[in-house]
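**Q** In case you want the letters, here they are:
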Amino acid sequence: MTDQTSGSLLRLANPAVFNRLADRVIGPFAVLTLLLFAWGLYGAFFVAPPDYQQGETIRIMFIHVPAAWMAMFVYAGMSASALGTLIWRHPMADVALKCAAPLGAGFTLLCLVTGSLWGKPMWGTWWEWDARMTSVLVMFLIYIGVIALQQAIEEPNRAARAVAILTLVGAVNLPIIKFSVDWWSTLHQPASVFRIDGPTIHGSMLGPLFIMGIAFLMLYITLLMLAMRAEVMNRRAERLELLAAEAE
Amino acid sequence: MSAFSAVLKRDLRLARRAGAGASLGLMFFLVLIAIVPFAIGADQRLISRLAPALLWIAALLATLLGLDRLFQSDEEDGALDQFLLSGASLTLLVLAKALAHWLVTGLPLSLAAPVLGLMLAIEPQAMLPLALSLLVGTPALTLIGLVGAALTVSLNRGGLLLSLLVVPTAIPTLIFGVAVAKAAAEGRDFAMPLTVLCGTTLFALAISPIAAALALRQARG
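Chains as they are written, first to last, in my numbering: chain A, 1 to 248; chain B, 1 to 221.
Just chain A, with the same shape it has in the complex (with noise of 0.2 angstroms):
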């Protein structure tokens, strides 16, 4: 980390420094959000072609795997902030995290329920346990311990540290709970399952499925915007109507 960054990470410590740069940047953000899901939206159901083997079913693709991709990047950025909150004790971070949690729920959840979707017309079933899927469920399971452990303890510095460790215990069992599902899922698929795989895709549907990628990725940073906002807005409610009670 160069000093100028770390620089202005610390200043951003500053609860009201990063409200008044959420402010100006909230806004550009949306439009742009909006402008690349039109494009990608644009792209996926007009632009990109049937598939010949899936049909029109294929443009379930262009929301469901951005979604999976949002699921672990948001569970990595949350990891980052974990080691903010632990390590340096940065107050923001602690804020990120938990405003992270339920949207990386959220985006795993539409990753199972396009899945599911999908798996219907295409494996004649709603849910197959195929490695994927129950890594992805899995996911969803640490996504929800995390939100339950953070509303669960009440005061709130101790809540950041607890989820903080638990998000970091997580991060470490992730691939050692995707590497088992995957080595019993060889030991139970059927072989008859039919399953694309990523590198086949053509070029015609990788264009729109980028763009639906970053429309994505905007559209979290836009939602963890706000929702920090809020979070340190919230906050300083609370302590004001502490210093009120206390007061009087």
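What the hints contain is simulated information worked out from the structure, not anything from laboratory work. Treat the hints with caution; some may be incorrect.
[To be verified] Negatives, chain A to chain B, calculated, CB over 10 angstroms:
1) Ala30
2) Leu36
3) Val65
4) Leu86
5) Lys120
6) Gly207
7) Gly213
8) Met218
9) Ile221
10) Leu224
11) Arg235
12) Glu248
[Said to hold, decoys possible] Facing chain B, a subset of chain A residues (Cβ under 8 angstroms, in silico):
13) Leu141
14) Ala148
15) Ala152
16) Leu166
17) Ile177
[To be verified] To list a few chain B residues with every Cβ distance to chain A over 10 angstroms, as calculated:
18) Ile35
19) Pro108
20) Pro114
21) Gln125
Glycine included, every Cβ here is placed at the ideal spot set by N, Cα and C.
Starting from the structure of chain A, add chain B where the hints point.
**A** Relative to the frame of chain A, chain B by itself:
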């Protein structure tokens, strides 16, 4: 090391005096196995096929059962503060508590598993591998639970939350534990899943006490 054995002895004594210690966990295990035929019917072949999975799930539930009180009672009677003040490594003390917990839950379950396996009509050649897999795998369950117990130490009704936090992390142990018993029942070589099972236990041994000690320290402010 003396602090380690002191905590270990204390926890074992507490377990023996309050709630009959090891035998209660064992009875819970037995009850879980006893309700199986009522739930899935008295089909011997089906039960035999499900037996390794049932024994492993029962072991997981029996391990989870007492975990929410593991640190809470210490927090309430001030023992946790004494741990922190003692100057001894909290990681080591936490490990002693985990060992005590395993000695009164995991170990008796593993030893009783062959007998309960008989009731579930498990294949004879799978009996010992199943017990071995529980013996090697249940320490991992206790150690993973240790972190959950430390994270929920300040919560009054942390039990449900604890299960939510612990169970997803226990999935690898469950997968490889059952795999050992299944491979043995089908007469296949089970060295590979057994080795990986040992690996998950060693991994949990390496990180769980540290994470639990960190969580306890944070919880005390």
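**Q** All the hints need checking, so say for each whether the structure fits it.
**A** Evaluated hints:
1. Ala30: holds (34 angstroms)
2. Leu36: Holds, because the least Cβ-Cβ distance between Leu36(A) and chain B comes to about 33 angstroms, which exceeds 10 angstroms.
3. Val65: Since the minimum Cβ distance to chain B is about 23 angstroms, Val65(A) lies beyond 10 angstroms and the statement holds.
4. Leu86: Non-interface label fails for Leu86(A): nearest chain B Cβ at 8 angstroms, not farther than 10 angstroms.
5. Lys120: holds (26 angstroms)
6. Gly207: holds (36 angstroms)
7. Gly213: Non-interface label stands for Gly213(A): nearest chain B Cβ at 27 angstroms, farther than 10 angstroms.
8. Met218: Fine: 30 angstroms to the nearest Cβ keeps Met218(A) off the interface.
9. Ile221: holds (28 angstroms)
10. Leu224: Label holds. Min Cβ-Cβ 24 angstroms, cutoff 10 angstroms.
11. Arg235: holds (19 angstroms)
12. Glu248: holds (27 angstroms)
13. Leu141: holds (5 angstroms)
14. Ala148: holds (6 angstroms)
15. Ala152: holds (5 angstroms)
16. Leu166: holds (6 angstroms)
17. Ile177: holds (5 angstroms)
18. Ile35: holds (25 angstroms)
19. Pro108: Answer for Pro108(B): holds, closest chain A Cβ roughly 26 angstroms.
20. Pro114: holds (24 angstroms)
21. Gln125: The claim holds: Gln125(B) sits with its nearest Cβ about 19 angstroms from chain A, beyond 10 angstroms.
Taken one by one, the earlier hints fail for this structure only at number 4.
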